[in-house]
Amino acid sequence: MIARLDRISLLAVPALVFLAAIYALPLMMLLAKSFQGPEGTGISAYIEFFSDPYNLNVLWRTIRVALLTTLLALLIAYPTAFAMARANGIWLTVFLVALVLPMSLGVVVKAFAWSILFRANGALNEFMQWIGLTSGPIRMMFTETALVVGAANVFLPFMVLPIYAVVRQLNASLPDAAASLGATPLFRFTHVTLPLTLPGVVAGAAFVFSLSISMYVIPSLIVGERQQTMSMLIARSFLYLRDETLGSTISAILLAIAVAVVLFSSWLAGRLGARQ
Amino acid sequence: MTNVLTATKPPAMQTPIERNYLDVSGVGKAFRGVRVMDAMNFRMAKGELVSLLGPSGCGKTTLLRIIAGLMAADEGAVVLGGRNITTLPAHKRNISVVFQNYALFPHLTVAENVAFGLRARGTAKGDTAKPVAEALALVRMTEFADRPIAALSGGQQQRVAVARALVVDPDLLLLDEPFSALDRKLRETMQVELKAMLRDRGITAIFVTHDQEEALGVSDRIAVMNAGRIEQFADPSTLYARPNSPFVMDFVGLSTRLHGTVTSHDAGMITVKTAIGDLHARANFPVGTAVLLGVRPELVAPDPDPQMNSVTVPLRDVMVLGSKTVLHGVANDADRVLCELPGIRSGFSHGQTATLGWSIEDTLVYEVAG
Ligand SMILES: Nc1ncnc2c1ncn2[C@@H]1O[C@H](COP(=O)(O)OP(=O)(O)O)[C@@H](O)[C@H]1O
Ligand SMILES: [Mg+2]
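Sequences listed follow chains A and B, in order.
Take the working numbering: the last position of the first sequence gets the number 1391, and nothing is skipped along the way.
Take the working numbering: the last position of the second sequence gets the number 841, and nothing is skipped along the way.
To be clear, the hints were calculated from the coordinates, so they are not data collected in a lab.
Don't take every hint at face value.
[As the list claims (entries may be wrong)] From the structure, some residues in chain B lie toward chain A, with a derived Cβ separation under 8 angstroms:
hint: 1; residue: 539
hint: 2; residue: 541
hint: 3; residue: 561
hint: 4; residue: 562
hint: 5; residue: 566
hint: 6; residue: 567
hint: 7; residue: 570
hint: 8; residue: 576
hint: 9; residue: 578
hint: 10; residue: 587
hint: 11; residue: 591
hint: 12; residue: 592
hint: 13; residue: 639
hint: 14; residue: 724
hint: 15; residue: 725
All residues carry an ideal CB built from backbone N, CA and C; glycine is no exception.
Kindly generate the complete structure, drawing on both the sequences and the hints.
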């Protein structure tokens, strides 16, 4: 066995040790706590969590926001990735800077910048009233829509970059070949371009979904305590309620969803990539 | 019983060939202000196999893309089968293309690749099996039908690309250097196969190549291209025997090259003074004209008759190639005399002087910038 071990794979050892010590071990300890209630070991904490409609509501909102965020990011990122793959020289630099620079800004700064635009007496409301689209200020901050828009904005690079990487590898003569074989632009897209770029879409969607389902800072700043998400429930359990069992239980549920998404998407990407 | 004669007569022999099935006229193209093609005219008959031969970058792919509708010309028209298709998008032209890199779809199997054109034309999935099987049988790839593209060799991918292009029964087939990625042996086999396949099915095709031997072997006619223009468009033997410019003479085959000046002109015969003596050719250039003389190497032989052109030159190289022996004589820096003799010839050696000659009738002559 040892003899057959690829020596290059030994290069992964530092990363594995690091992940085991900093990530896996504490997480296991946390998960273990979720099975230790006041009445001994068992799944009572889970039963309790799922029997509370409020918790179910939060769980559903969290998943819904993550799905919508992923969808919105995908709709914006997909054409952007193609534009970037076409661009070269200075334009490619402009694209990459525009994409990566905001990441260094931090979510807090962004959230306050948005509030200038979106609050009741903000620029957008004033504008809509001025052109006569609305008669009074409409609520835009502190809504689920604002949360989805904000999260999609923050996580956009994680969708664009994997798709861009795939689009750049795309053989430019494939759409030409399809056209010369009689394929309309729509047929070309659905039968050539889309299937070939799907691995990038799957990777990007897995990134953005995982990030959105566990986000804490963005919902705290944009919607506040009014509409809780799973991460906010976890924080509340640990910080205010001092209920480690509840906190660990919600963490475990969140982790289970994330693991399911990652496993499903790698399976999907593997299937899609199998022939290429 | 049908009359044996009429039944076997090839139709192309019966009627004068109408060379306007494909009619490219006045086509021009510039990339970012740089003209790469100007007033291109190109016509061919139905069922013809024409080669576009020219050096890399001369505009062969550009012309193919304009004909296929994958690129718009800046001006000019493309007419196919009497229909003006200049502004018709590629997917409505029924012109198949075999791309230089094959451009097979990596996410589809061999059979799915071949079925693509049928599916794109709305053929139901169940109805593609038969034509796909026939096309794969034609290129002898039947047993690879369910393989992924990545599992094929270059030659096999090339066959699949041909099957995919033919299965839709195109009005015109365009092949862009289809064999350039194959090794020499495989390339020669494929040339023979492809030619037979296109002949048998009466496919009208344009075959792009930068390999003169390939062009001579494969095609009915050859268009020699240079810098976005067609230099000469003729059948292989005319092209080889009577190239109409020094460019064509050099690009299609090898030849002797001797520069000189016309010193006398009489009754369609000129005398040219070269660095290695006076030579004659059939032409009508006035005295004083700077000319280039040429002759194909297999028309040159040692010990010429007195009425032939004759030169005595030192031999820089003697190449014994088995089926032929090539003598390379030096005239001066730019000029050379090439002589190709059948079989293995002894009696010639490097550094020795040889007297070589050829017929006046075989002498090619071109006016050049003095
Ligand atoms: N998309 C393009 N953009 C700019 N220049 C191009 C483009 N396509 C071709 N060219 C130029 O046009 C000329 C002809 O190219 P091409 O038709 O590909 O030649 P060939 O196929 O004979 O090698 C070349 O000088 C090439 O650099
Ligand atoms: Mg080319």
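The hints, checked one at a time:
1. 539: Result: holds, 5 angstroms to nearest chain A Cβ.
2. 541: holds (5 angstroms)
3. 561: Holds - the Cβ of residue 561/B comes within 8 angstroms of chain A, reaching about 4 angstroms at its closest.
4. 562: holds (5 angstroms)
5. 566: Holds, about 6 angstroms.
6. 567: Check passed: Cβ of residue 567/B comes within 6 angstroms of chain A, closer than 8 angstroms.
7. 570: It holds, given that the least Cβ distance between residue 570/B and chain A is near 5 angstroms, below 8 angstroms.
8. 576: holds (6 angstroms)
9. 578: holds (5 angstroms)
10. 587: Result: holds, 5 angstroms to nearest chain A Cβ.
11. 591: Hint holds; residue 591/B Cβ to chain A Cβ min 4 angstroms, cut 8 angstroms.
12. 592: holds (5 angstroms)
13. 639: holds (6 angstroms)
14. 724: violated (32 angstroms)
15. 725: violated (35 angstroms)
Going through the hint list in order, the structure does not satisfy hints 14 and 15.
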